[in-house]
Amino acid sequence: VRRATVGALLGLCIGAPAAGQSLSTVGKIVPEADVRFTAIAPNGGQIAGVCRDRKLRLWALPAKRLVQTIDLGDMRVTSLAYSRNGARLAASGFDGAVRVFDTARGVLASELPVAPRRVDFVALSPDGGRLAIAPADLPVQLWDVAQRTQIAELPTHFAGATGLAFSPDGLLLATINSDTTVHVYDAASGRPRAAFDELDLEPLALDFAPDSKTLVVGGADKVLVALDPQTGSVRHRLARQPDPIGGLAILGDGKTVVATCFNADDMNQSRALLTWNMATGAVTTLATGKSFNGGGVAAGRLLLTSAGDGVLELWEVR
Amino acid sequence: MTLTRRDLLEKCVALGGVSVLSAVSPSLLLEAWAEQERAGRQPTPANEIGPFYKRRAPGSTMLRSEGDPGLPLSVTGQVWSARGQGLPEAVVEVWQADHLGRYDIDGYRYRARLPVDGTAKYTVETVMPGHYPGRVCQHIHYLVTAPGHRPLITQLYFATDPVFEGDPDRNLARDPLVQSRELVRPVVLSGDPKSIRAQVQFELVLEAL
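Protein sequence lines, in the order shown, are assigned to chains A and B. First residue of the first sequence? That's 58 in this note's numbering, and the numbers climb one at a time after it. First residue of the second sequence? That's 53 in this note's numbering, and the numbers climb one at a time after it.
Isolated chain A, as found in the complex (with noise of 0.2 angstroms):
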């Protein structure tokens, strides 16, 4: 629900170009009904779009054609999550339900009843073979797709996720938590890896680079810290911004955070949509006002924003 919140996009207010990165508009989609929630498949090639008429429309790229509308009946989906070849697309529902789609033939290809609550948020495997599921302020769960069956329950101190995501390799699942914590498993067995615990404010996003060699946090606290995933140990740290961090994603140089911040005083605002290089730990505001949504960064560069006027607007980092 908090990320929906962070995620949501208010207005368009491009900023001046900086030197560095630039952003630059590739095409929109204007849905037949509003959209909710929105993902877009790690490798460029799909967006899937949860639409207030309860029904789940999925557009190729990069001809942004409409290619499957699957209804949802009554599942009221709380975020979606593709696995890195769009082949699968997780959705988590209020019910506790998490639903597995086959997205080019546009079917249901497994359900799993996993919570007895409402599931905030889902991560796919890249291989589409593990399921990680945050219900809310419970454990993770980390699921068999396939067998239909639990690997791990992966307890925190108190209450549960506010985020996951499994490594571009498939090997690491990491946790952010409300408890303010990071976690690094095992994606297979769902063994404990890594550890942080350095942050006094829950994270709210999280992404591992390319090379699955390093994990970025940031949240409330207004930082982002790159961490060694095997360690838990900070390699790179970004000084306090002045509002938290609601989303962010590493491009495919595997050098540059996209983070977007909020206003603490109204999450429904966006504020800055920034990058970090944490090579040189260069700064640039790429625009006010924007923040994307849709599971992080596509094909090392695409980001997806949906606005408040309907319409699906992506974007490339340049």
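Simulated from the structure, these hints should not be mistaken for laboratory data. There could be a bad hint or two in this list.
To be verified - Where chain B lies over chain A, by a calculated footprint (3+ residues, C-beta under 8 angstroms):
| id | stretch |
| --- | --- |
| 1 | 209-216 |
| 2 | 257-269 |
| 3 | 309-323 |
To be verified - Chain B is nowhere near these chain A residues, computed Cβ spacing over 10 angstroms in every case:
| id | residue |
| --- | --- |
| 4 | Arg93 |
| 5 | Gly101 |
| 6 | Lys121 |
| 7 | Asp184 |
Please read all numbers here as calculations on a predicted model, not as lab measurements. From the three backbone atoms N, C-alpha and C, an ideal C-beta is built for every residue, glycine too.
Given chain A, put chain B in place with the hints provided.
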């Protein structure tokens, strides 16, 4: 010889310590009494943690400063086990928005790790939290921990919240996050028009691990 609770109650009846004025047999009434005592207390309903929990909050019970705007509010209560025993080793953490609905995420205003006394009582002196965008009701967040017990994450709401229009029973659903009427507590106002203050009692019951 150790007497059971049932034995003790029967002895009270025999010695006149308890009078039974009912058509139901004294034996059945005594059994029901003992059963009620065994049942203990119902755990406080959990409510989601929400945003902006912050570690390392100070241990003060006085959260408002001299001259702080907003309605002064005292919240008191005790921390219990579900068996009805006080838990003096409990730790009560609270955090809330100020009277305008703003959380302090840079510092620790309106955040505390409250000491619990030898009888498991806690007190916090604060202000009535304000409303903020995206959230319907005024509320105070709680995280309560005690050895041997499941951490309790919950929120305290106020029957005087304008959202309820004076009738929390009817209007509870206006905030979809308020899922238990039990968390909406009555507010007692005292003082005079120049120095009005509010008091709320909020008992906390933890489940054993």
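Now the hints, each set against the structure:
| no. | hint | result |
| --- | --- | --- |
| 1 | 209-216 | holds (count 3) |
| 2 | 257-269 | holds (count 3) |
| 3 | 309-323 | holds (count 3) |
| 4 | Arg93 | 15 angstroms, holds |
| 5 | Gly101 | 32 angstroms, holds |
| 6 | Lys121 | 31 angstroms, holds |
| 7 | Asp184 | 32 angstroms, holds |
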